[in-house]
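Chemist: Sequence:
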Amino acid sequence: MTKNADTSTLLGSTVAWSQLAQLRFAARQLKLTPNRKHLSQLTGPYRTRIRGRGIDFSEVRSYQPGDDVRHIDWRVTARSNQPHTKLFSEERERNVVIFTDQRSNMAFGSKRCFKSVLACAAHSLIAWSALHSNDRVGSMIASQQLHSLKAKRNQKTLLRSLQQLADSNQQLGHDNFDTITPLSQCLVELQQICKPGSTVFIISDFHDFDEQCFQQLYRISRHCELHAIQIYDPLEEQLPSAGNYRISDGKQHTTINTANPRLREQYREDYLDRRQQLSERLASLHIPLMPLSTEQSPLATLQYYFTPQLLTHRHGRRS
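Heads up: the sequence shown begins at 1 in UniProt numbering, then just goes up one per residue.
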């Protein structure tokens, strides 16, 4: 992969650490600034809790003439019997936490790559983009076990997380996942590493999303800005044209017949209903849901929702 390469070479059932590391070049084309026009097309009105960089508390010192009285620290003033004021400095970095599903449900694909590979690519692009913006980047990877790294602003930690991501991805082809950790339990653990004010990305197919997941997302969303990226394969959305097709989960094989047009129609309706229900539930928490297909470029899709200035340049007008 060259410096000018994007995600088009991420094909197949597994991904290597070197491929994820190389995405740091493509990620320079991505800025994590929500394009509210496009997000609202998915989940209705979008409200962000993060208002730019803001300011961070720095220290408390004795009050001096000219200080803003609104910043007086009344507790310290009462204890010392001397007026004290709070000082603030501009916040120059934020926490970005990325949760990526690498459980056995993600080891599926009928197009360019497996869902698990696409999830890794999206994770890497978001992580590199955040680091390029001097943000602290943390991660949680759900595979046979949960692997988490606290948010830090250095390339070494990011590369370490990508190594764990690649390792988890490659284990999907070798390990027997008789049981998987429910998404709801993953989200309980995710909350532990999400500091208030963090921007959190959840990358999954959400196949086991339930009421417990909703309640846990509610708890996280009270203090963090959340974005949900739903990874899916076209075969999950719509059955192929009439014919006999052999499919496998890596252990067992079976054949499906898609000759019945009513069956194909009902299959698609059921999938779209599930997605709509998920979208509406997340929208009630002001969490945008971004579908990402295994036949799409993750970079182009993320740019569409997060880099409106590129669209303006591309189309020669403001979108």
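It should be emphasised that the hints constitute simulated quantities derived from the structure, not laboratory data.
Only a predicted model underlies this, so the values are computations on that prediction, with no experimental measurement involved.
Glycine included, every Cβ here is placed at the ideal spot set by N, Cα and C.
Worth double-checking, as some hints may not be accurate.
To be verified - If you anchor each label on the Cβ, the simulated ranges turn out as follows: (1) Gln215 x Leu11: 32 to 40 Å; (2) Asn257 x Asp167: 34 to 42 Å; (3) Pro83 x Gln215: 41 to 49 Å; (4) Leu11 x Gln277: 25 to 33 Å.
Chemist: Each hint: holds or not?
Modeler: Here is what the structure says about each hint:
In this structure the hint that Gln215 and Leu11 lie 32 to 40 Å apart at CB holds, the actual value being about 38 Å. Hint check: Asn257 to Asp167, Cβ distance near 39 Å, so the stated range 34 to 42 Å holds. At roughly 44 Å, the beta carbons of Pro83 and Gln215 sit within the given window of 41 to 49 Å. At about 32 Å, the CB distance of Leu11 to Gln277 agrees with the hint of 25 to 33 Å.
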